[in-house]
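Asks: These protein sequences, in sequence, are chains A and B.
Quick note on this note's numbering: the first sequence kicks off at 1 and runs consecutively.
Quick note on this note's numbering: the second sequence kicks off at 1 and runs consecutively.
One thing to keep in mind: the hints can contain errors.
As the list claims (entries may be wrong) - Below, simulated DSS-like cross-link-like pairs (lysine-lysine); rule was C-alpha separation at most 27 Å, straight line:
| no. | chain 1 | residue 1 | chain 2 | residue 2 |
| --- | --- | --- | --- | --- |
| 1 | A | 394 | B | 83 |
| 2 | B | 83 | B | 246 |
| 3 | A | 73 | B | 83 |
Read the hints as simulated data drawn from the structure, not as lab findings.
So you can see what is in the structure, the chains are spelled out below.
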Amino acid sequence: MKSWKIGAIGLVLVLLFGLFAMAEENVTITFWHAMSSGHQPNLQNLVDDFMAEYPYITVELSYQGGYGDLQQKINAAVVAGNVPTMAQAYENWVTPIVEVLYPIGPHMTGLEKADIIDGLVPSNTYNGILYTVPFNKSIMVFYYRKDLVPTPPATWEEYLQMAKDLTADTNDDGTIDQFGTGFRPSANPEQFLNFLEEAGGSILNEDWTEVTINNEAGLAAMEYAASLAPYSLITSAYMSDAFQANQVCMFIDTSAGYYYNNKAAETAGFEMGVARVPVGPVNQKSMIQGTNLGVFDMNQTQAQKDAAVLLARFLLLANKTVFWAEKGGYQPVTKSAYVTEEWKNWVATHEYQQAISAQMLDGFSQILHPNYGDMRDIIATSFEEAMMGEAAPKEALDAAAGELGALLE
Amino acid sequence: MGKERLVEYLHRFSLPESWRKVSFWKETVAAYLYLLPAFVILGAFVFYPFFSAFRLSTFKWSVVRPPGTFVGWGNYHYIFHDKYFWRALWHTFYYVGVNVPVTLFLALLVANLLNKSLRFLTFTRTSYFLAYITPLVAVSMVWRWLYNWQYGLLNYFLGFFGVSLINWLGDKRFALPAVIILSIWRFVGYEAIILLAGLQGIDKMYYEAARIDGASGFQVWRKVTVPLLTPQIFFVFIISLIGSFKVFTEIYVLFGGTSGPLRSAETLVYYIMRQGFFGTNHLGRAAAASVVLFCIIFIFTLFQLQITQKRVHYQ
Chain A
1 MKSWKIGAIG LVLVLLFGLF AMAEENVTIT FWHAMSSGHQ PNLQNLVDDF MAEYPYITVE
61 LSYQGGYGDL QQKINAAVVA GNVPTMAQAY ENWVTPIVEV LYPIGPHMTG LEKADIIDGL
121 VPSNTYNGIL YTVPFNKSIM VFYYRKDLVP TPPATWEEYL QMAKDLTADT NDDGTIDQFG
181 TGFRPSANPE QFLNFLEEAG GSILNEDWTE VTINNEAGLA AMEYAASLAP YSLITSAYMS
241 DAFQANQVCM FIDTSAGYYY NNKAAETAGF EMGVARVPVG PVNQKSMIQG TNLGVFDMNQ
301 TQAQKDAAVL LARFLLLANK TVFWAEKGGY QPVTKSAYVT EEWKNWVATH EYQQAISAQM
361 LDGFSQILHP NYGDMRDIIA TSFEEAMMGE AAPKEALDAA AGELGALLE
Chain B
1 MGKERLVEYL HRFSLPESWR KVSFWKETVA AYLYLLPAFV ILGAFVFYPF FSAFRLSTFK
61 WSVVRPPGTF VGWGNYHYIF HDKYFWRALW HTFYYVGVNV PVTLFLALLV ANLLNKSLRF
121 LTFTRTSYFL AYITPLVAVS MVWRWLYNWQ YGLLNYFLGF FGVSLINWLG DKRFALPAVI
181 ILSIWRFVGY EAIILLAGLQ GIDKMYYEAA RIDGASGFQV WRKVTVPLLT PQIFFVFIIS
241 LIGSFKVFTE IYVLFGGTSG PLRSAETLVY YIMRQGFFGT NHLGRAAAAS VVLFCIIFIF
301 TLFQLQITQK RVHYQ
C-alpha cells in the first residue's frame with residue numbers, strides 16, 4: 001500500500017473518530033416548564049429515558065411556576081438574553097419571540113412531521129416553517145350529569161332542547177337554580193370558537209387579510225350560543241364549582257378539567273359522563289389547547305440546540321406521547337400514537353377517554369397570528385356581551401369585527 | 001499655607017461656618033456612606049423602575065428588541081381613546097370613593113368600641129387583625145363562596161330580611177360592590193387597631209379637663225378625641241387611599257381571572273395588568289396607564305398633604 005493511501009485512510013479514521021468524539025461531547029440543556037408537582041415525576045421519567053438513550057446529553061428540568069409565570073419569565077429571559085435551551089410555550093407567547101426561536105421542523109424527517117395531528121400543525125407553523133412541536137394537549141369535550149342526561153345530545157338542536165328541559169326552579173322560590181348548561185364567556189372564549197368552527201366559520205380568512213367572524217357562519221354560531229343563554233349559568237369561575245353545587249347539568253369545556261369536574265361530581269354525589277361535543281350545522285370539531293415546545297436560538301451552542309431538537313423529537317415518539325398522556329391526563333399529539341396497542345387499551349379501559357380521544361384526530365387549534373392575544377380578548381368581550389344580553393349577536397359580532405379589522409391594519 | 005488659603009476662599013464666598021471644619025466633612029461622608037446601601041437598593045428597585053416606566057410608556061414594546069419602537073404619545077393616545085380605560089378609571093374612583101371613607105368610619109366606630117370594653121381586648125384585637133393578615137388570595141377564595149348566588153352565606157342572611165337572591169359575582173351591578181364589601185371587611189380591623197393605639201395614647205387629663213368644664217359626650221369626642229387622633233386618622237387615610245387605588249388581587253381571584261361580568265369590576269391596575277401581561281404584551285400601554293395612575297395618586301397625596309396637614313394635631 002502506498003504511503004499516501006495509508007495517510008488518507010489514517011486521516012479519514014482520525015476525522016471519523018473526531019466526528020464521533022464531537023458528537024459524543026457532553027452537552028447540558030435547560031428545559032423550562034410549568035408542570036406542577038403532579039406532572040413533574042412523569043416529565044422527569046421521560047427525560048431520564050432520553051438521557052439513558054443519549055448519555056452525552058444532560059437535561060436540566062426547571063419548574064418556573066404557573067403558565068403566567070412561565071410566560072413572564074420567558075419574556076424577561078429573552079430581554080436579558082439569558083434564555084433556557086427550550087421551554088413550553090403557548091401559541092400566542094411564541095409569536096412575539098419567534099425570531100429568537102430555533103425552528104424544530106427543518107430538523108425532523110418528513111414522516112415525523114406528517115405524524116403530527118393535522119389540527120396541531122397550523123398552530124405550530126410560522127411563515128410556513130414548523131417552529132415548535134405540540135407537547136401537552138387537551139381538547140374541548142362535553143361534560144354531563146349521567147343521572148339527568150341519560151344520553152348526551154348529539155346535535156346542536158338536541159343540546160338546546162335538553163338545556164331548555166333541564167333548566168328549572170327546583171325549590172319554587174321564583175328564581176332558576178338549576179341551569180341546563182353553563183358558559184364562561186370572559187374566561188373561556190374557546191367555547192364560542194368551538195361553535196364557530198362547527199358552523200364552518202373562522203375569525204379571519206385563510207390568508208389573514210380579512211375579518212370573517214361576522215359572516216353568515218359566524219352569526220349562526222353566535223346566535224346559537226345566545227339561544228342557549230337563557231338556559232345557561234354565565235360565570236367566570238371554573239364550571240366545576242357550579243357543577244358541584246348542582247347549578248349546571250352539562251357544559252362544554254376542556255378535557256384538562258376532567259379531574260376537577262369529576263371530583264366535583266363525586267363530591268356532589270352523581271356520576272359524570274364525557275361525550276363528544278354535539279355536532280354543528282357544518283361539522284363536529286373540537287378545539288385543541290395546550291402548550292408546545294420551542295427551542296431557543298439565542299446564546300445557545302449548536303450542540304445544545306441539536307440536543308434540544310433531539311429531545312423534542314424524542315417526546316413525539318408514539319410510546320412517549322402515550323406515556324405522557326396516560327400519566328398526565330393529556331392527549332397524544334401524534335397520529336401513530338392513536339394506533340398503538342398501549343393507547344387503544346388505555347382508551348378501552350377508561351370510558352371517558354373514548355370521547356376525548358375520538359375528537360383529537362380531527363380537532364383544530366388556534367391560529368398563530370401575531371395579534372392573537374388581542375383577538376382572543378375582543379372575541380371574549382363580544383361573546384360575553386351576546387350571552388349576557390348586552391348586545392344582539394349581530395351587533396356584538398360586528399363590533400368585534402371592527403376591532404379585529406383594526407388589528408389587521 | 002494651603003489650609004489658610006482654603007479658609008480664605010471659603011470666607012470670600014461666605015460659606016457656613018461649619019463647612020470649614022474637617023470634622024464636618026468627615027461626618028458628612030460617613031452619613032452618606034451609611035445611606036449608600038439604602039440608596040443602592042432604592043435606586044435599583046424603586047427609582048430605576050419608576051423612571052423606566054416613564055420611558056417605556058413612549059414605546060411600542062417588543063420582547064425581542066426591547067424597548068421596541070418609539071411611538072411618543074402613541075400609547076397615551078391609545079388609552080385615552082379606549083373606552084375600557086375610562087371605565088376602569090371610573091371603577092377605580094368609585095371603589096376608592098366608597099371604600100376609603102366607609103372603612104375609615106367603621107374603623108373609628110370599632111376602635112371606639114374596643115377602647116371602651118377592654119375586657120376581651122386581646123381576643124377582639126386579634127380577631128379583627130386576622131382578616132388583615134390572612135393572605136388575600138385565600139380570603140378572596142372564601143368570599144367567592146360567601147357570594148355564591150344560591151348557596152352563599154351572604155344571600156342566606158339577606159334572605160332573613162326578605163332580600164331575594166343577589167347574583168353578586170355574576171351581575172354587573174353588584175360586581176364592584178362585592179369587591180368593596182370584601183375590602184371593607186378586610187381593612188376595618190387593621191385600621192381600627194391603628195386608631196385604637198392612637199385612642200389609647202391620648203392623655204386622660206384632656207378628658208378630665210373637658211368633663212370638669214362640663215362638655216357633653218359628643219363634645220368631648222368632637223373637640224378632644226378627633227383632634228388628638230388626627231395623626232392616626234391621617235395616616236390611615238393616606239395608606240388606604242393609596243392602597244385602594246392599587247386594588248387588583250381580590251378582583252382577580254373573586255372573578256376567576258377576569259374582571260367581573262362585562263369587565264364591570266375592572267380597575268386601573270387590572271387594566272394595566274391586562275394590557276401588559278395577560279397574553280397581550282402591550283407593556284407600553286400598560287406603562288402609560290401606570291403613569292396616569294401615578295399622577296392621580298401623586299396629585300391626591302399632594303392635595304391631602306396640603307389640606308390635611310393643617311388639621312393634624314400632634315400632642
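Asks: So which hints don't hold here, by number, going up?
Replies: 3
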